[in-house]
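Numbering that gives the first Met the number 0 applies: residue 0 is where the sequence shown begins, and numbers increase by one.
In case anyone wonders, no lab produced these hints; they're calculated from the structure. Cβ coordinates follow ideal geometry from the N, Cα and C atoms, glycine included. Take the hints with a grain of salt, since some may be wrong.
For lysine-lysine, the following DSS-like pairs were computed, each having C-alpha atoms within a straight-line distance of at most 30 Å [what the hints assert, rightly or not]:
hint	residue 1	residue 2
1	Lys-191	Lys-121
2	Lys-182	Lys-65
3	Lys-143	Lys-185
4	Lys-143	Lys-65
5	Lys-120	Lys-65
6	Lys-121	Lys-185
7	Lys-65	Lys-121
8	Lys-185	Lys-120
9	Lys-65	Lys-185
10	Lys-143	Lys-191
11	Lys-65	Lys-191
12	Lys-182	Lys-120
13	Lys-143	Lys-121
14	Lys-182	Lys-121
15	Lys-182	Lys-143
Simulated restraints, written as ranges between beta carbons of each label pair [what the hints assert, rightly or not]:
hint	residue 1	residue 2	range
16	Leu-218	Glu-92	16 to 24 Å
17	Thr-26	Pro-180	15 to 23 Å
18	Gly-23	Leu-95	17 to 25 Å
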Amino acid sequence: MRRFQFLGAMLIIACSSLVALATGPTTAISGDYVEARTASVFAGACHYNGEVVTTGRDAVMAWDIKSGTWNGVDLAGVRAIGVVTSDDSLLSENALRRLELIVDSGASEAQSAAFVQVLEKKYAASLGQITSVRRAPVSFRRDKDSYRVEAVNFASLTVSAMPNKECCKMPHMVWYSPLVPVKDRKVGYTTKVAYAGGVLGDAWERSRENSAFYGSFTL
Numbered sequence: 000m001r002r003f004q005f006l007g008a009m010l011i012i013a014c015s016s017l018v019a020l021a022t023g024p025t026t027a028i029s030g031d032y033v034e035a036r037t038a039s040v041f042a043g044a045c046h047y048n049g050e051v052v053t054t055g056r057d058a059v060m061a062w063d064i065k066s067g068t069w070n071g072v073d074l075a076g077v078r079a080i081g082v083v084t085s086d087d088s089l090l091s092e093n094a095l096r097r098l099e100l101i102v103d104s105g106a107s108e109a110q111s112a113a114f115v116q117v118l119e120k121k122y123a124a125s126l127g128q129i130t131s132v133r134r135a136p137v138s139f140r141r142d143k144d145s146y147r148v149e150a151v152n153f154a155s156l157t158v159s160a161m162p163n164k165e166c167c168k169m170p171h172m173v174w175y176s177p178l179v180p181v182k183d184r185k186v187g188y189t190t191k192v193a194y195a196g197g198v199l200g201d202a203w204e205r206s207r208e209n210s211a212f213y214g215s216f217t218l
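Generate coordinates for the entire structure from the input sequences, incorporating the hints supplied.
Written out as structure tokens, the structure is:
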């Protein structure tokens, strides 16, 4: 199975190289973004210090692109979900990071390849090396400040706004920044985030934590 996953990833990466050779306009790419981590991003100092050396090495993130083109490829409607893992806390910028990615099966091969190239060009430092790319249905539902994202048998997250938007009133208790820069960043309450296991390692699950970021992105 992993052999086929590896071959699939190589095909996507090869296609992304072809996209790089394409001639066409690149316009601002924008949409919705949400991530949930294995550590609280909004907490008191004692809670933060207790987690920073023991957890917080993994995250699930998802994109729902509303508009934009990359080398002439229209990315509107592309949805994707990824899992990143690090050899140390995601607070450590020098630790090795790896990304496992699923691009929604509704996207074309050209769109998938272009999106992979966007991640490689724009987010290599924060997301790390892309180790696997697969195609499967990705459900991305947003209702105001609530998010439900899932790729069955891969990863999922359920995130909502914090009561009274406390993160905005007490910014000194926000200890991290989103892996993908977003406009008007908000901290979210994670009802549940889970990774089913795969290329990056064993399955994990977290729940009921202030461990999420969400907002709109433009690049």
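Evaluation of the provided hints:
1. Lys-191 to Lys-121: 28 Å, holds
2. Lys-182 to Lys-65: 15 Å, holds
3. Lys-143 to Lys-185: The given pair, whose Cα atoms are some 12 Å apart, holds under the 30 Å limit.
4. Lys-143 to Lys-65: 15 Å, holds
5. Lys-120 to Lys-65: 19 Å, holds
6. Lys-121 to Lys-185: 21 Å, holds
7. Lys-65 to Lys-121: Since the Cα atoms of Lys-65 and Lys-121 sit roughly 18 Å apart, the hinted pair holds (cutoff 30 Å).
8. Lys-185 to Lys-120: 25 Å, holds
9. Lys-65 to Lys-185: Status holds; Cα separation ~19 Å.
10. Lys-143 to Lys-191: Satisfied, since the Cα-Cα distance of roughly 18 Å is no more than 30 Å.
11. Lys-65 to Lys-191: Measuring from Cα to Cα gives roughly 25 Å; hence the hint holds.
12. Lys-182 to Lys-120: 20 Å, holds
13. Lys-143 to Lys-121: 27 Å, holds
14. Lys-182 to Lys-121: 16 Å, holds
15. Lys-182 to Lys-143: 15 Å, holds
16. Leu-218 to Glu-92: 16 to 24 Å: 19 Å, holds
17. Thr-26 to Pro-180: 15 to 23 Å: 18 Å, holds
18. Gly-23 to Leu-95: 17 to 25 Å: 34 Å Cβ-Cβ, so the 17 to 25 Å window is violated.
Violated hint: 18 only; the structure is consistent with all others.
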